[in-house]
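Residue numbers (my numbering), protein chains in the order written: chain A, 1 to 328; chain B, 1001 to 1282.
Note that these hints are calculated values from the structure, not bench results.
Incorrect hints may appear among the rest.
As the list claims (entries may be wrong) - If we take Cβ atoms under 7 Å as the criterion, some of the chain A residues that face chain B in the derived model are:
#	residue
1	P39
2	S130
3	P148
4	Y164
5	A169
6	I180
7	Y296
Ideal Cβ positions, reconstructed from N, Cα and C, are used throughout, including at glycine.
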Amino acid sequence: MSAADTTTPAKVPPPRQAPPPAVPKAPRRRRTSGGGAVPWALLAPCLLILALVMGYPLVRLVTLSFQKFGQSQLWGFQPAESVGFDNFGEVLGDSEFWTVVVRTIVFAVGSVVFTMVIGMLIALLLQRVSGWVKTLINIALVASWGMPIIVATTVFKWLFDSDYGVFNALLSKLPGVDMIGHNWFASGPQGLAVIMLLVVWGAVPFVVITLSAGLTQVPSELEEAARLDGAGAWGVFRYVTLPFLKPIVVMLTTLSVIWDMGVFPQVFVMRGGHPEAEFQLLTTYSYDRAFVVNDYAQGSAIALLTVLLLLGVVAVYMRQMLQIGEVE
Amino acid sequence: MSTLATAGRRRGKSKLGWNLLGLLVFVTAGFPVYWMLNTAFKPAKDAIDPDPSLLPTGLTLDNFRRALDIADFWGPVGRSLIVSLSVVVIGVVVGMLAALAISRFAFRGRKIVIVGILAVQMIPLVAMIIPVFLLLNDLNQYDKLTGLIITYLTFILPFTVWTLRGFIVNIPKELEEAAMVDGCSRTGAFIRVVFPLLAPGMVATSVYAFIQAWNEYIYALMLMSQEHQTATVWLGNFTTKHGTEYAPMMAGATMMAVPIVVLFLIVQRKMAAGLTAGAVKG
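Next up, chain A with everything else stripped away, as it sits in the complex (with noise of 0.2 Å):
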């Protein structure tokens, strides 16, 4: 432990407080006992770090908030002042922010939804499928989660080009079907639909994947058992699966709920950078609000209102983090 303790100080950047205290030879007793200092010995750069790049934004983000900070409080030729509760009775007040809120949550449960379902059904037929099938599925799915989102969104935006998108063409080889030239972003929804398959498609990977793992952990003779004793497919999946897989549904669906409510490049870059007011999500809507309107503080109010909404889901997430930690 001596030997990291000299090498993690020169890590850290700008050492904003007192490097990690030297540590004394603690004495050791028993593996998991280990004297107090040691730990945070070890933990100290990482918790400086993220104290930093964490913990004083997360702070101005709070502080900003209830302040008037615009162009001129950024350059500097006006001080910032507090505004007390202005900023969010501003955003509150305005009708628009609910139905962006609304429109953020039908669409972070429609894709955490199907993200799920898509790849708990693809992590079950995984379970049935021949050997090369479940290889050419695997190579697919590890290459589409291994692009770059923003690779990703463009290779979207061209699959559904209103001119020269193959999806159009491929809709029009269906009997009395004429896409070609349909413009799927001319309206809020239908975009909103393609980004969120876009959105789905970059997903289901890792749900099939993590589910795959946990299906390899459901003995076997509990589902035979259930089988002999007369339950159906669905049953025993119902019964027997599902509760095995229960920890990693949570967490998958948390996570995923975290990351769909987060959704920004995709409705970004499909947007061309202006996304039009029918296709604001939170995270848009903050962006525009801070850096195309100037009002930082809004878009502030607006972010953390964001977070606010996600401490539920998270507090949830947090439980089950909690159990695990207590295991250990």
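We have chain A already, so just place chain B on it with the hints.
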């Protein structure tokens, strides 16, 4: 005998249905990737066809040449490399120390630390853009690679801590204890016994962290000016007011995606194992 044969045949038959379904999943999931490659290597004039051919119409590298012409490619790639590698080195070293602390020591406040580190991961990056932008502005780090490196640690550090913890937890404590009984110090036991076993996990975590840093878009877009853009932002150069050059853009996308996907393919199995072990086993 005959019943066995029919059972076998029936099983073969039922597999056929599942396999067909599986192939459908393969085609659907893989199509966007296929279409990117197909467009990238097509002659540009074949790309703009309202009724595009699903099969490759010819093989050309012109789109790649054009992609490199449209905007400087190696500058952004170099910057992305510098940022990602720095983030990985700092993230893995600092993350490993923290992971050791929470997986091998019982101490007061351990739970709070775990929850704190996890909670950080829960805050959407986008929500933090504004204060991070102001922070870097104040520190005179706006539009600087160091500023970007510092901000990337917000999401890389919690990730490395949590995954490395998963890998460390999988290494039996008894191995270290045995080494200590044989006369190793605790540090010695770690370096000689745990570290070699942890190495594959560290490599996987590093690669994975590298990919995450490489793929980041929002901060790179917001915190860097046009002339200091990184690789992900570079891909935006193909869309101008006059429209989008799709064929070169798909070539650009291919250049960005292929190395990352290959890296990903190499480590994903290991990562999935580590992530699930960490989450399920504790």
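So, going through the hints one by one against the coordinates:
no. : hint : in the structure
1   : P39  : 4 Å, holds
2   : S130 : 6 Å, holds
3   : P148 : 4 Å, holds
4   : Y164 : 5 Å, holds
5   : A169 : 5 Å, holds
6   : I180 : 5 Å, holds
7   : Y296 : 5 Å, holds
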